[in-house]
Structures are given as structure tokens and as C-alpha cells.
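Q: Can you make the complete structure from the sequences, with help from the hints?
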Amino acid sequence: MSDIDLNTYAQFTWCPGCGNFGILSAFKSALKELVSSDKIKLENVVVAAGIGCHAKIMDYVKLNNFYSLHGRVPPPLTGIKLSNPSLIPIGFAGDGDAYAEGINHLIHAARRNSDIKMVIHNNQVFALTTGQFTPTSPEGLKTKTSPEGCIERPINPLALMLVSGATFVARGFSGNVEHLKNLMKEAIRHKGFAIIDVLMPCIVFNKVFQFYKERVYDLNESGHDVKDFNSALAKTYEWRDKIPIGIFYKTERKTFEEQILKGKVLVEDKKIASIAHIINKR
Amino acid sequence: MKEFSILIGGKAGDGVRRAGNLIGRIFNRAGVYVFVHDDYPSLIRGGHNFSVIRVSEKRVYSYHNELDVIIALDSETVKKHQNKLKPKGKLIYDEKLGEKVKNGLAVPLSSMVEEIKGIPIMRNTVALGVLCHLFKIPIELVGHVMNEVYGEKAEPNIKLLRMGHEYAEKNFDRIKEIEVKKGDKCLITGNETIALGAVKAGLKLYIAYPMTPATSILHFLTNHRNDLDLRVVQPENEISVIIMALGAAYAGTRTMIASSGGGFALMQEGVSLSGMSETPLVVVESQRAGPSSGVPTYTAQADLRFVLHSGHGDFPRIVLAPSDIEEAYYKAGEALNLAWKFQVPVLILADKTLSESAMNVKLNENEVKYEKEKIAVPSKDYKRYKFTNDGISPLSFPGDKSIVKVTSYEHDEFGITTEEPEQIKKMQEKRFMKIKAMIDDLKKRKTVDVYGKGKNLVITWGSSKGAVIDAVNMLDKDVKVLSIIYLEPFPTWEVLPLIREARKVVCVEGNITGQLAGLVREKTGFEIKDKILRYDSRPFDPVELANDLKKVFK
Chain D
1 MSDIDLNTYA QFTWCPGCGN FGILSAFKSA LKELVSSDKI KLENVVVAAG
51 IGCHAKIMDY VKLNNFYSLH GRVPPPLTGI KLSNPSLIPI GFAGDGDAYA
101 EGINHLIHAA RRNSDIKMVI HNNQVFALTT GQFTPTSPEG LKTKTSPEGC
151 IERPINPLAL MLVSGATFVA RGFSGNVEHL KNLMKEAIRH KGFAIIDVLM
201 PCIVFNKVFQ FYKERVYDLN ESGHDVKDFN SALAKTYEWR DKIPIGIFYK
251 TERKTFEEQI LKGKVLVEDK KIASIAHIIN KR
Chain G
1 MKEFSILIGG KAGDGVRRAG NLIGRIFNRA GVYVFVHDDY PSLIRGGHNF
51 SVIRVSEKRV YSYHNELDVI IALDSETVKK HQNKLKPKGK LIYDEKLGEK
101 VKNGLAVPLS SMVEEIKGIP IMRNTVALGV LCHLFKIPIE LVGHVMNEVY
151 GEKAEPNIKL LRMGHEYAEK NFDRIKEIEV KKGDKCLITG NETIALGAVK
201 AGLKLYIAYP MTPATSILHF LTNHRNDLDL RVVQPENEIS VIIMALGAAY
251 AGTRTMIASS GGGFALMQEG VSLSGMSETP LVVVESQRAG PSSGVPTYTA
301 QADLRFVLHS GHGDFPRIVL APSDIEEAYY KAGEALNLAW KFQVPVLILA
351 DKTLSESAMN VKLNENEVKY EKEKIAVPSK DYKRYKFTND GISPLSFPGD
401 KSIVKVTSYE HDEFGITTEE PEQIKKMQEK RFMKIKAMID DLKKRKTVDV
451 YGKGKNLVIT WGSSKGAVID AVNMLDKDVK VLSIIYLEPF PTWEVLPLIR
501 EARKVVCVEG NITGQLAGLV REKTGFEIKD KILRYDSRPF DPVELANDLK
551 KVFK
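Protein sequence lines correspond, in order, to chains D and G. Under the numbering used here, the first residue of the first sequence carries the number 1, and numbering increases by one thereafter. Under the numbering used here, the first residue of the second sequence carries the number 1, and numbering increases by one thereafter.
If you are wondering where the hints come from, they were derived from the structure by calculation, not from laboratory data. Every residue, glycine too, gets a C-beta built ideally from N, C-alpha and C. Do not take every clue at face value.
Under the rule of at most 27 angstroms between Cα atoms (straight-line distance), these lysine-lysine pairs were calculated in the DSSO-like manner [as the list claims (entries may be wrong)]:
id : chain 1 : residue 1 : chain 2 : residue 2
1  : G       : K444      : G       : K374
2  : G       : K372      : G       : K383
3  : G       : K58       : G       : K480
4  : G       : K170      : G       : K185
5  : G       : K86       : G       : K477
6  : D       : K281      : G       : K182
7  : D       : K62       : G       : K430
8  : D       : K270      : G       : K401
9  : G       : K374      : G       : K425
10 : G       : K551      : D       : K270
11 : D       : K281      : G       : K181
12 : G       : K372      : G       : K401
13 : G       : K136      : G       : K362
14 : G       : K374      : D       : K271
15 : G       : K551      : G       : K504
16 : G       : K401      : D       : K28
17 : D       : K271      : D       : K39
18 : G       : K504      : D       : K39
19 : G       : K58       : G       : K182
20 : D       : K28       : G       : K380
21 : G       : K386      : D       : K62
22 : G       : K383      : D       : K28
23 : G       : K2        : G       : K96
24 : D       : K264      : G       : K369
25 : G       : K159      : D       : K281
26 : G       : K2        : G       : K84
Computed, partial: chain D to chain G, Cβ under 7 angstroms [unchecked claim]:
id : residue
27 : A10
28 : N65
29 : Y67
30 : L69
31 : T78
32 : I80
33 : Q259
34 : I260
35 : V267
36 : D269
37 : I279
38 : R282
A: The structure is reproduced here in C-alpha cells:
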């Protein structure tokens, strides 16, 4: 395990103490454990990200990557999986990225059960653009663009993912790296669309570390049935004194790619089709 | 025989387009040249659809409005097109319409269909039977085509065909006898040849969101996904289309996408991402009349500047506009090969007229070949953006020991983000070094079409070339036609000498601002003063165009 080196020469430009470090650390550990237990091959891992603080993770991991555009994380992942089904496409996106700019892609990827994994760095603000509200900002949050407090009702991303047909829906907390690592391992090994919404503070624009730390509890240690859709949905609305983290829902369904490809591996298919039956017939 | 034109018209739902295509196939089988144009409004049932089938001894590339036969499935067709009928032309119509029609051949289309308990859409089959008589086409030939097109449902149609034929034999004189030879071509549309050309160059994945007039590529490749050995995906919108395609190409699959102007507008960030990440991509932009939703099912050539400048920032690209249905096959294959050779976005400009019209052509299956891209030896030290002499960094795909990092950010050779001015400058220059390699390559390929001779020069592009050639053939003057296929990199080496030789130059194109004329001036310094522009969303009519050219070259 120690000989797996995932580091690059890129300098970290996240703020010291940023929640992103927790996510990066959980991800590296998850990969190392999966690789050293022969569950996956490192060269098959392809990561993608949108644009924002979260996305700098691309430069910090020595892995195949498609550093995409703001909001456009699910589409390239689906393209990658369609091209070569042995690859394991894993996307990272911010809350602005996934739930504002690119929310349509997320819904459709879930609906299709595209065999891709999404990790959402949900800090409830646009941080790299220096602090504006996002679709997950709580009502009343003061930001540069909501000086009197946010007037929009926040989205419930996990409920949205459940009703969209996601087959693996989970929530993590950047302050609980060990727990998040295990969630990532489960998500990566899940066949189908998996999403982990990761609660994290932005130490500059949304200082909620203590708020989360006092409230989060492990759903899977309190008798929740991950196969029960309705109870999973109900749990996504629990957001007051206690905030559940863990796997909310997990089910199996045919993936988009296996239904499209029907066993074909496009990237290995070098055969050029004949067109004679068309051009000689009419 | 020389040439003649047939128009079939009716309501959407009357099977007009299908019948038009069938007539085209019949004449194709009879060994003559055919051009089929479909005109239909943006609706599903009702309205007025028509197809014009132009048949000729010589190759023709367009249609015009001097008709020899009209087949009217409704009275609207009579009203709308009667005035285009030549003095000796004939108008086949359904007896049931009642009224007497000048030059009319009343045929009990509806009664015959009722007689065999058929459905109203079969009326056009009876009319086909009449047509066979008028041009002395063997009924067996038509029956054969019907078997191919209708399969098991051919039988009642063949019966109606014979009934129409018998009725015509008894009641009408023959118009012309065509000499039937064995046809060796296929009747095919531009969208179909684009698709086939790409397939021969290794297309394995086609991704698109429906938009007229690009949709028929999506339909065609979906229908043929198994026999053409590829996969087709229809994502949620055009943004997803282009980014998904880039993901697939990054992972090593030759991918193509298509849309019209509106959908392509949504793809802009993806074009730029293809440029920055050097991910190969072919986009077909089939133009329709804009701006905005415009006139969805009609034609235009007004997106030239848009496509040339698509995507933000500076990056090398290739833009080409095949100018006829046959050329579209070879050039689409070339486009896919060039995209992978140079790792740039390649944009194919088509338009409604090229995409949806049909012509009978003989395609050479083996002339489009998969040209291999530059591939790196797998290595732990692989650098996706390695500096090379020609700016082309060998490709590698995820899944082996190379780590392949592609990115939308400015980057170093490995693909790690950079904000260092020296690195940024070097990487920009690396990408633009490819222009020289691209020009060297294009100099070995056909970048322009030149027809005819003389000091009078018509410059045109895309599907307008067809009407220009047909118009020039109607003139009794020497006129040279230059159709520019590659718009970027611009083939100055071909264009400039021709302009220098010319006494008079006129530009013919389908937009109001003279976009090609402007490009020619930008690239050659030559200002084309005479322009013939059409922007009523209809293609050039060669007869009208011949008159306009006469005035310019007097």
C-alpha cells in the first residue's frame, strides 16, 4: 500500500484548514485500499472535475483526469464509460457546479443510471469566485450577492437524486475522513450511478465546521434500511438538531452503458464496417 | 431526353417525401441522373409538402421551377404550383378533387385505393403507375424498387401500381420515352453520405440531440447502428452532447456530433474545450435559416462566420464545407481523420439543402480510409502535452500505465494547471504550431473545387455550388466556378491565383452579408464587388441564377 504514490508536484493552493483536504485524503486512502486489496486497478481510474476550489483536486492526484468545465462533470464521465467500460470514472463537483450550472446533467445521469460516481464538495457557497450564494446556501445566509441574507429556499440534493433514480445515494462529512473513505469505497464498488454529497465548511465564507460536527450522526449505525426508498427520502429531510450521514439508499438496476454497449468495447473495436449493403442497394 | 422535372405535392401525412424519394430511386434504377429536393414546413400533419425530382441525362446538382409533371394529392398543390408547369406539361390529380384542371390528367386515385381496401397514403402509388406509363418505365423495375422499400407491405402497393399504369395506358398519351439502362448508383442524401464517410474513417460513437436539418444523421445512424458497427446516444441537451463526446474521444473513441445553428450555439464552451484540451472532435453544423429559431426546415448559409469563430479564445481548428452530396462522403471521412491527426476540433458546415436533398452517386467504399493518429508508447513518464517539432503530442488513452491528464485550464506538458506567463506562451505557441502541419497536409488534399474555364469567375461554397454549376451550364459563355471547401485553414494557395487570372469575379452565397466574400477579402486582400446573395431561406434556382449571372458577365 505504501508504494502507491498518488501525489503530484503541484503546489496546494487551497486555504490552510480547507474541508477539501479531508475529501482529498479520504479519496486517496479509499483508492489505496481498493488497489492494494485488488478490488480495482489504479490505471483504470479516471477522475473529472468541474470548476471551483474543489476542482483543484485534479492537479493534486497522479491519476488519469479530464479537467472539465463548470457544471460539466457527468457528461464526460458518461462518455469515458461508453468508450471503455473497464474504466472507473469518478467525478468531483462543487455545489455550485453540480446543483446550479450543471444540475440537468446530474439528474439525467442519475435517471439513466450511468455507471459513474459523483462526489459533491458541498460548502454551500461559491468560494473561488470569492463568496456568493449557491442553491444549497441556507435561507438567510449573508454573502456578497445576498447582503440581506439568502432569500431562496435551498435545494435538497439527496431527495432530488433519489427521485431522479440514483441507485446509490449517500452523504459524508469532510470532518470525518475515515467515514468518508468508507463511503467512497462503497460508491466506487457500486455498479451504477452513485452520488456522495459531502458536507464541508468553507473556512472563509461559510464557517460551519462546528455546526456540522455537533449534529452529524451515522445513519447506518442507527438501524436505517438502505433498501427502503421511502425511509431514505424521509431521512433526507432530517436537518435540524441531528444531520444523518452515511448511505441513504442503495439498489441495483441495469446501467446505461451496459444497455447501450451490449458487450461492445468501443475503444478496442478497430473494425471498419462495410457500407456496401447501403450504397449498392438503392 | 435531356432533362425533365416532376413535382409531387400534398399535405404532411400524405407520404409526399417518401413518394418523392421513391420516384428518385426509380429513375436512379433506370440509369439516369437524379436530384431530389424536399420542401416541407415545420409541422407533422396538414400544411403543404412537396418534393421536386429533377431527372437528367447529365449530372445535375439542383432543382428549378420549370415543371414537366405535377402530381397533386390535394387542391393546394394545384393552386400553388400550376403556374410552374411548362406549356406541354401534365398535371396528375385525384379525380375526387372534382374541378377541371388545365393540362390535367384526372386519375381515380382515391377510388382505386378504396377498391383494394387500402389506406389514403397509398394514392401516391397509383400516381407512380401513371408516371411509369408517361415515361415508359418498365413496371417490373418499379415493382423491384417497391419490394426493397416496402418489404412485406409491397404487395398491395404493387397492385395499385399496376392499376394506375393500366388506367394511364388506356387514357393518356406518353410524354417522353426514357432509355432505360442499368443504374449503378445509389440515391442518397447529404446527411447519409456524411454519416457513411465518418463510418469509413472509424466512427464508433455518434452523439446528438435532435435538431432539423441535422436530425436525419441521428435517425440514419440509429437505424444502422448494428450493421455499421457503432453506438448512438441521445443525451439531454447539446451541451451534454459535446462534453460527452469529448469524454469519449479522450478515452480513445472516434466520435462525431451534429446540430444546427441553435444547438451549436449551446456547444460553444465545448468547442473551446476541444481546442484547449486538444481533444479530437468532429461537429457537423447543418445550417438552417436564422437568426434564432428562424425558419427551421429551410436553408441558409449564414453560419460561416459563427463557425469560423466558434468557441472563446484562440485555438487552431479546421472548418470545411462539402459542396455536394458525393463530396460530403469523402470530406466527412477526411474530417474525422484530420481531427485525430491534429487533435483539433473539425467543424463540417452543411445546410438543409446539402443535408436533406438526395442525389444518385457512386461512392467508392475504399477511398475513405482510417488514417492512423500519432500514438505514444505507454510509459510512466507520458506527457499528454509534450512539446514536439510540429506541435502534435502523441496520444495515449487511460487504461494503461500512462497517466493521461487533459484539462480546460492552461497547463504544462503533463497537464497540470499553470499560471506562469512563460509556460502559457509556450503552450499557446505549441498549439498554433499545428497550423503549419495542417496547411502542409491540406496542400496534398482537395481544398477547392474548380469547374469550367475562362476569365469570368464565380466564387461560391457549400450547397450553392450545385445551383451555380447548373446555372453556368445554361450560359453560352465561358465561366469558371471556384467552390471553396476548406474555410479554415483557408486555401489561399489555390484561391489567390484563380482570382488573379480572372477578369471579373462574382460571389454567390446564401446569406445577406456576403460572409464568404468577406472571408476572401480577409485572406487574399481581394474585394469581390459583385455578389449574388439569396436569403429568403430557399436554395438558389439555377434558371434564375443563370439570368443573374448573365447580367454580371455581360
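Q: Kindly indicate which numbered hints from before are broken by the structure, ordering the numbers from low to high.
A: Those not satisfied are hints 4, 10, 17, 18, 23, 33.
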